[in-house]
Structure formats: structure tokens, C-alpha cells
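Quick mapping for you: the protein sequence lines, in order, are chains G and H.
Here UniProt numbering is used: position 101 in the first sequence is 101, and no number is missing along the way.
Here UniProt numbering is used: position 11 in the second sequence is 11, and no number is missing along the way.
No wet-lab data here; the hints were simulated from the structure.
Certain hints may be false.
Unchecked claim - Simulated crosslink set (EDC-like; lysine to aspartate or glutamate; CA at most 16 Å straight-line):
| hint | chain 1 | residue 1 | chain 2 | residue 2 |
| --- | --- | --- | --- | --- |
| 1 | H | 60 | H | 31 |
| 2 | G | 5 | H | 62 |
| 3 | H | 33 | G | 108 |
| 4 | G | 14 | H | 54 |
| 5 | H | 33 | H | 13 |
| 6 | G | 14 | H | 89 |
| 7 | G | 105 | H | 92 |
| 8 | H | 93 | G | 4 |
| 9 | H | 36 | G | 108 |
| 10 | H | 51 | H | 31 |
| 11 | G | 5 | H | 13 |
| 12 | G | 112 | H | 78 |
| 13 | G | 158 | H | 37 |
| 14 | H | 36 | G | 103 |
| 15 | H | 79 | H | 43 |
If you're wondering where the values come from, they're calculated on a predicted model, not measured in any experiment.
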Amino acid sequence: MENEKYLQDLSEIKNMMNRSSRFISLSGLAGVFAGCYAIIGAIIAKMLLSDSTSVYNENYDLVTTGNINSELTTQLFAIAVAVLILAIGTAIFLTTRKARRNDQKIWDSTSKRLVVNFFAPLVAGGLFCLVLLQYGLIGLIAPCMLIFYGLALIHASKYTFADLRGLGYANLILGLIATQFIGYGLYFWAIGFGLFHIIYGIWMHNKYDRKSAE
Amino acid sequence: MKSIISNINKAFDHRIRLGIMSVLMVNEYADFKSLKELLGATDGNIASHTKALEKQKYIKVEKSFIDRKPNTRYIASEKGRKAFQEHLDALEKLLNSKNDLNN
Chain G
1 MENEKYLQDL SEIKNMMNRS SRFISLSGLA GVFAGCYAII GAIIAKMLLS DSTSVYNENY
61 DLVTTGNINS ELTTQLFAIA VAVLILAIGT AIFLTTRKAR RNDQKIWDST SKRLVVNFFA
121 PLVAGGLFCL VLLQYGLIGL IAPCMLIFYG LALIHASKYT FADLRGLGYA NLILGLIATQ
181 FIGYGLYFWA IGFGLFHIIY GIWMHNKYDR KSAE
Chain H
1 MKSIISNINK AFDHRIRLGI MSVLMVNEYA DFKSLKELLG ATDGNIASHT KALEKQKYIK
61 VEKSFIDRKP NTRYIASEKG RKAFQEHLDA LEKLLNSKND LNN
């Protein structure tokens with residue numbers, strides 16, 4: 001009998017520590033959607049690139065070429081922004097829904113902390129990518145996005161499910177590998193932002209969301 | 001066995017007090033409202049339990065005004081952290097030793 005009470009005490013302690021310091025309503029399904037948007041975006045980008053005589057081919061000199069087709073750049077930039085907005089929008093929608101189901105507030109100290117800690121490295125990375133664009137270092141943009149995104153996830157994992165760290169390291173390593181295969185950035189981008197998100201989202205959904213819905 | 005039980009701290013022998021300490025162990029501070037929401041307790045409940053913990057010097061209380069509204073922050077003291085850690089260790093040991101006996 002007493003044993004049970006102590007066990008209950010311990011699980012209550014763990015529960016309170018987690019609920020007060022980590023945001024646990026993050027939706028796994030949102031990851032799957034983000035991955036799908038990223039893959040669709042990558043396919044559209046690929047079609048645009050193969051239409052034009054491209055910035056992307058196997059020529060290594062093009063890493064540093066200043067000669068960028070500016071219309072194409074704008075289009076690619078628009079695709080990237082669209083993917084980002086769609087992914088964040090879906091994540092906010094699904095996470096709000098999950099928070100309501102968990103009877104949790106969407107905007108409390110844990111979610112604020114998560115957002116700040118996730119976006120700080122990410123915004124720095126985004127600005128750095130714009131700088132790469134400014135100097136025409138196109139080939140490095142995709143690896144750079146993956147690296148900074150990975151760092152942002154690792155940083156944010158302290159404030160939500162610790163599992164997020166795995167996805168962070170995966171993207172970080174993929175980004176570093178991608179630096180050695182300039183010209184194939186789009187494929188790496190599709191793997192990191194697309195495939196990894198989908199695999200990870202499904203895994204998280206099975207681990208947390210399905211159980212809590214039962 | 002006796003020494004283990006003596007480490008079980010009576011001050012934490014209540015769900016709300018246990019909850020308050022757990023929250024304060026992993027957060028720099030917590031205010032009255034967030035404690036209330038997290039623990040699902042009433043105003044009076046939180047007030048009396050924080051007072052009890054304060055009396056033991058396990059938590060510190062900081063009162064201030066935010067947008068002219070009174071705001072109370074609770075912070076775990078060094079003494080409180082130590083006592084809670086000992087309580088946790090004692091709980092764990094107790095459960096382990098009982099499991100050993102059962103097996």
C-alpha cells in the first residue's frame with residue numbers, strides 16, 4: 001500500500017517537473033505535414049532549375065559564381081518562404097488543437113521559452129543564408145540551412161520533447177555532409193527537411209499522440 | 001531501514017507541496033498563477049501550502065508589481081533544494097529496498 005503511494009509520489013514529481021519546464025503539446029503530425037510541404041517545394045524547385053540552364057550543375061566554380069539568374073533566385077526564394085509559412089502555420093494549428101485536448105494553454109511560459117530558444121539560432125541562420133545569397137555563394141545555402149536548423153532543434157529540445165535532439169543532430173550532420181557535395185544541395189535539402197521530418201513526425205505521433213488520444 | 005525512513009521529509013508529504021517543490025526544482029521561479037494552473041488547486045490551497053514551505057525556509061517569496069498588479073514569485077532556496085533531493089533519494093531507496101524484499 002505504502003509502496004504504491006511512494007511510486008505515485010515519484011511519478012507526480014516527474015510529471016510536474018516535465019509539465020512546468022517543457023512544452024509537451026507539440027504535434028508530431030505537424031512534422032509529417034512540414035516534410036510533405038518541403039518535398040513538394042523541392043520538386044517544384046527542381047522543375048524550375050531543370051527548365052533554366054541552371055545555377056545548379058556539377059560545375060564546382062558555380063559555388064562562388066556571381067552570375068545568378070535573379071528571376072530564378074526570386075522564385076526559389078519564394079518557394080522556400082512558402083514552405084516555411086505553410087509548415088509553421090500547420091504546426092501552430094495542430095499544436096493548438098493538441099494543447100486544447102491536453103487541457104493546456106498554448107501560450108504559457110513553456111511555449112514562450114520554446115519559441116524563443118528555437119527561433120534565436122534559426123533567425124541567425126536565416127540571416128546568414130541571406131548573406132551567402134548576397135555574395136553569390138549559392139551552393140552553400142542548402143547545407144547552411146540544414147546546419148542552423150539542426151542547431152536550432154538541438155537547442156529547442158531542452159524545452160520540449162527531448163526526442164527533438166535526435167532530429168537536430170541528424171540535420172546537423174546531413175548539413176555538414178552536404179557541404180562536400182555542392183551542386184546537390186536540393187537533394188540534401190529534400191532529405192533533411194522532407195524525409196527526416198516525415199519519419200520523425202510519424203515516430204513522434206505514434207509515441208505520444210496516439211497514446212494520449214486513447 | 002530506519003535511516004531511510006528518517007529521510008522521508010514530512011514537509012513534502014502532501015501532493016500540493018510535492019508539486020510546488022517539483023516545479024521550483026526545474027524552474028528559476030514560478031508565480032502564483034502558474035502554480036495554481038499547473039497543480040489544479042485553489043487559491044487558498046496554494047497560499048497555505050506555500051506558506052508552510054516558506055516557514056521551513058524551503059522556498060523564498062518575492063512580491064512585486066507587474067503592470068500595477070501584485071505578482072508573487074516563488075523560488076526554491078538552497079536549503080529547500082537540498083531537502084527535496086534527499087527526500088527524492090529516500091523515496092527511491094525505499095522503493096528499491098522493498099522491491100528487493102519482494103523478489
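Which numbered hints does this structure break?
-> 2, 4, 5, 7, 12, 13 and 15
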